[in-house]
Amino acid sequence: LVVRGPAPPAALVRLITPGVLVLQAASAEALAPLAAGDGPAVAALVPEGAALFRHAPAAAATGHARLTLDAVPEAAPRAIGAYTAFQQQEELRQLLELAAAPAWPEPAAGAPATNGAGEFTPADRLAAWLLKQANLDGTT
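For the sequence shown, this note's numbering assigns the number 66 to the initial residue and increments by one for each residue that follows.
Keep in mind the hints are simulated off the structure, nothing from the lab.
One thing to keep in mind: the hints can contain errors.
Restraint-style ranges between C-beta atoms, simulated for each label pair [stated by the list, open to error]:
id	residue 1	residue 2	range
1	A91	L201	48 to 58 Å
2	A140	K197	16 to 26 Å
3	L96	T186	31 to 41 Å
4	L195	G114	39 to 49 Å
5	V68	Q198	38 to 48 Å
6	L134	L195	10 to 20 Å
Note that the Cβ used here is the ideal one computed from N, Cα and C, for glycine as well.
Based on the provided sequences and hints, a complete structural model is requested.
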């Protein structure tokens with residue numbers, strides 16, 4: 066897609082799913098990952114002031130690690146056509162939340178500390194969360 070004129074700052078954020086390459090870029094050079102990908106993809110050349118990001122499914126196993134933010138507009142959005150300022154602000158919030166690393170609790174005592182690569186496995190994080198929710202040690 067080539068966007069001409071005003072555009073919502075993060076309209077493509079709604080298309081981010083685990084197996085889809087999604088790009089919002091300001092230059093044709095930034096679209097290079099499209100040629101290297103072998104799965105579904107969508108990309109847009111957006112005007113100045115829009116968010117610039119790349120969601121690359123092959124880059125990592127977890128969602129936040131697959132998403133790279135190159136630019137996020139600082140100015141508050143204003144209505145553009147049928148897009149309300151509120152809707153655009155929510156899309157920007159969604160983009161920022163997808164890019165944020167989750168805050169997982171520490172693993173429970175006796176649980177393996179990492180998966181051998183220095184990272185907690187999903188099962189370790191789930192077990193730690195379940196144990197924390199069960200409040201077995203009497204803490205809150």
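Self-check item: Hints violated by the structure (listed by number, smallest first)
Solution: Violated hints (numbers, rising): 2, 6; every other hint is consistent with the structure.
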